[in-house]
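Each chain is listed here by its residues.
Number of protein chains: 2
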Amino acid sequence: MKDKFYNYIVELQNKITSALEKIDGKASFHEDEWKRTEGGGGKTRVIQNGDVFEKGGVNISAVHGHLPKSMQNYFKVEDVDFFACGLSLVIHPKNPFVPTVHANWRYFEMYPSTPLRMTPSTSLTKSSPGASNEKSKKIIDQWFGGGQDLTPYYLFDEDAKHFHQVCKTACDKHDASFYQKYKKQCDDYFWNHHRNEARGVGGLFFDYLKANDERPIEDWYSFVTEIGDSFLDAYIPIVEKRKDMKFTQAQRDWQEIRRGRYVEFNLVHDKGTLFGLKTNGRIESILMSLPPHVQWRYDHNPDPNSPEEELIKVLQNPKDWTKA
Amino acid sequence: MKDKFYNYIVELQNKITSALEKIDGKASFHEDEWKRTEGGGGKTRVIQNGDVFEKGGVNISAVHGHLPKSMQNYFKVEDVDFFACGLSLVIHPKNPFVPTVHANWRYFEMYPSTPLRMTPSTSLTKSSPGASNEKSKKIIDQWFGGGQDLTPYYLFDEDAKHFHQVCKTACDKHDASFYQKYKKQCDDYFWNHHRNEARGVGGLFFDYLKANDERPIEDWYSFVTEIGDSFLDAYIPIVEKRKDMKFTQAQRDWQEIRRGRYVEFNLVHDKGTLFGLKTNGRIESILMSLPPHVQWRYDHNPDPNSPEEELIKVLQNPKDWTKA
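Heads up: the sequence lines are chains A and B, in that order. Residues in the first sequence are numbered consecutively from 1, following our numbering. Residues in the second sequence are numbered consecutively from 1, following our numbering.
Honestly, the hints are just simulated from the structure, not real lab data. Fair warning: this is a prediction, and the values are worked out from it, not measured in the lab. Incorrect hints may appear among the rest.
Because identical chains cannot be distinguished in the list, a pair is counted as satisfied if it fits within a single copy or across any two copies.
[Unchecked claim] Taking lysine-lysine pairs in the DSBU-like style, the calculated list, with each CA pair at most 35 Å apart, reads:
| hint | residue 1 | residue 2 |
| --- | --- | --- |
| 1 | 137 | 313 |
| 2 | 313 | 35 |
| 3 | 319 | 69 |
| 4 | 161 | 181 |
| 5 | 323 | 94 |
| 6 | 69 | 313 |
| 7 | 319 | 35 |
| 8 | 76 | 173 |
| 9 | 323 | 161 |
| 10 | 43 | 323 |
| 11 | 76 | 271 |
| 12 | 184 | 69 |
| 13 | 26 | 184 |
| 14 | 173 | 137 |
| 15 | 313 | 43 |
| 16 | 241 | 161 |
| 17 | 15 | 243 |
Excised from the complex, chain A in its bound form (with noise of 0.2 Å):
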């Protein structure tokens, strides 16, 4: 599985920064391949001042090794081995009509403790991501996790209409309670808890989707690769659309504020950012989801009735999207 899973990213990625860099027209992503110290190690792809797309990645990793303390006290697990690997993207857009997107799928395997191996570090070639004499290890949990989610600046009924509606058509192929158990998921997780808004008009988040006497693993692979393969669809449209729309400073100064809130979320609410910096994880792998340019205003509150306050008042109660 760890193997499948990882070829599927691999390909994912490809297709996902050609989709980009196509509807960018100027911009190339540039990648960065990096190897971590115990085992494993990632290729962070990087766009930045496209005509379309201010700042973006698309990474994927593939790590794997003895669990660090603080990654089991979070488990709640004793000491394992574990392997992990998974795609996470975020794509800032110049134009402050086209939306922030997010998405992150994700594998997990955990394993008996082994003593310390003296063993070379492994290399992270695409048909073999993990230490080779992981593959006879016994599995003792496995499981998938991710979503995708939309932060847009100003508010069109319509985008974000279909974006849910691509999430909900990929969920309802699997369960047809799936998109209203995730929907509901991503608007809780995302929620900037200061702040008492919504990071955005949300999407799916799912975690520890394990095998179970309904559904093997198999089924989760199926389910979650959906979703992977939903995204260029429930983005692609919207960016296509708001491109090109006029905008003035005024409104690329409120997008630049209300990335700060952007921030605030990742920094201070985010688990997987929070985990990847205590954990030593690669910083700026991590921080490249963090906006190009960003402003903080004390006290700023959008005019009365104005559309940068509508957008407000639907993070303050989330919507579904499929039903408005």
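Based on these hints, arrange chain B on the given structure of chain A.
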């Protein structure tokens, strides 16, 4: 003691905001008075878009009541009542050659817990910041804390030396060991762990200054107010010297990129900020510390042997400025 120190910070807020307005020449501080539902409140004074100061806040607060659960865990105490007051300031100048400065001086008291009282909430007045019925309460613990530190974007050795020399002179009046001790605590506290560098060139940081056999609480009052009184001497001459220096867009960009590190420290590591965000503090007063314009670029590294790289080298290896 609490009335005495509160009166001191009221006067100090006036003194500091007047001095900063005078040097700015254009912008003035706007005051917001706020109340805390559970007891007490504060006066937030913010300056924005000045000729010299792009954004800055000089805030005082005096809060009291039942110590919230999260603070009980933090201080490792049981059910108690508390009083806390302090002055907190962060100033972000426009010119990248003028350093950002932060300072804070605070006082804390704890009392045995009283049953929930149904008294009307008391107003914040100059002479009586706490609820009157706390005056007669037995103090079970009391301490001072605070400090001041400098964050330059371009390093002028003479500025760092001046700032530290003023700190040292103020410390030396009280104890020959204080400067080294509190300078080191400052370097340790304002360490941006995930970047492996200091937030700035430091200054002083102290906490839990409690009465002991050598020093009654009055001596700590006298020490902390000595530092508070030294603030303008430490900072203003640097502003005067640098505020009219010409700068390029590239230097301004560097300032905004470094401000990103300031945001990272405050949102990821700063105990005061996280504390406020998680205990229902007044968000706009807490986050006034965030800079007005900020940039994040992927994997940005200054040119070898540039002034920008020189700054980073010093931030990675804090210096003893009074001996340099």
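Hint check:
In this assembly of identical chains, the alpha carbons of residue 137 and residue 313 never lie at most 35 Å apart, being 51 Å within a copy and 45 Å across copies at closest. With identical chains, the CA atoms of residue 313 and residue 35 are at most 35 Å apart between copies only, with a shortest distance of 25 Å across copies and 44 Å within one. When the C-alpha separation of residue 319 and residue 69 is checked against a cutoff of 35 Å, the pair qualifies only between copies, where the shortest distance is 33 Å, while the shortest distance within a copy is 39 Å. For the homomeric pair residue 161 and residue 181, the shortest alpha-carbon distance inside one copy (17 Å) is at most 35 Å, but the shortest distance between copies (59 Å) is not.
For the identical chains of this complex, residue 323 and residue 94 are intra-copy neighbours only, at 30 Å inside a copy versus 48 Å across copies, given an alpha-carbon limit of 35 Å. For the homomeric pair residue 69 and residue 313, the shortest alpha-carbon distance between copies (31 Å) is at most 35 Å, but the shortest distance inside one copy (41 Å) is not. For the identical chains of this complex, residue 319 and residue 35 are inter-copy neighbours only, at 32 Å across copies versus 42 Å inside a copy, given an alpha-carbon limit of 35 Å. In the homo-oligomer, the alpha carbons of residue 76 and residue 173 lie at most 35 Å apart inside one protomer (33 Å), although the nearest pairing across protomers, at 51 Å, exceeds that limit.
Proximity of residue 323 and residue 161 under a CA criterion of 35 Å is satisfied intra-copy only: 9 Å inside one chain copy versus 64 Å between copies. Taking the shortest Cα distances, residue 43 and residue 323 never come within 35 Å of each other, neither inside one copy (39 Å) nor across copies (45 Å). Proximity of residue 76 and residue 271 under a CA criterion of 35 Å is satisfied in both settings, with 15 Å inside one chain copy and 25 Å between copies. Within a single copy, residue 184 and residue 69 get their C-alpha atoms as close as 31 Å, and across copies as close as 29 Å, so both meet the 35 Å cut-off.
Within a single copy, residue 26 and residue 184 get their C-alpha atoms no closer than 37 Å, and across copies no closer than 49 Å, so neither meets the 35 Å cut-off. Only within a single protomer do residue 173 and residue 137 lie at most 35 Å apart by alpha-carbon distance; the minimum there is 33 Å, versus 66 Å between protomers. For the homomeric pair residue 313 and residue 43, the shortest alpha-carbon distance between copies (28 Å) is at most 35 Å, but the shortest distance inside one copy (38 Å) is not. Taking the closest pair of Cα atoms, residue 241 and residue 161 come within 35 Å of each other only inside a single copy of the chain (14 Å); across copies the shortest separation is 56 Å, beyond that limit.
Taking the closest pair of Cα atoms, residue 15 and residue 243 come within 35 Å of each other only inside a single copy of the chain (20 Å); across copies the shortest separation is 50 Å, beyond that limit.
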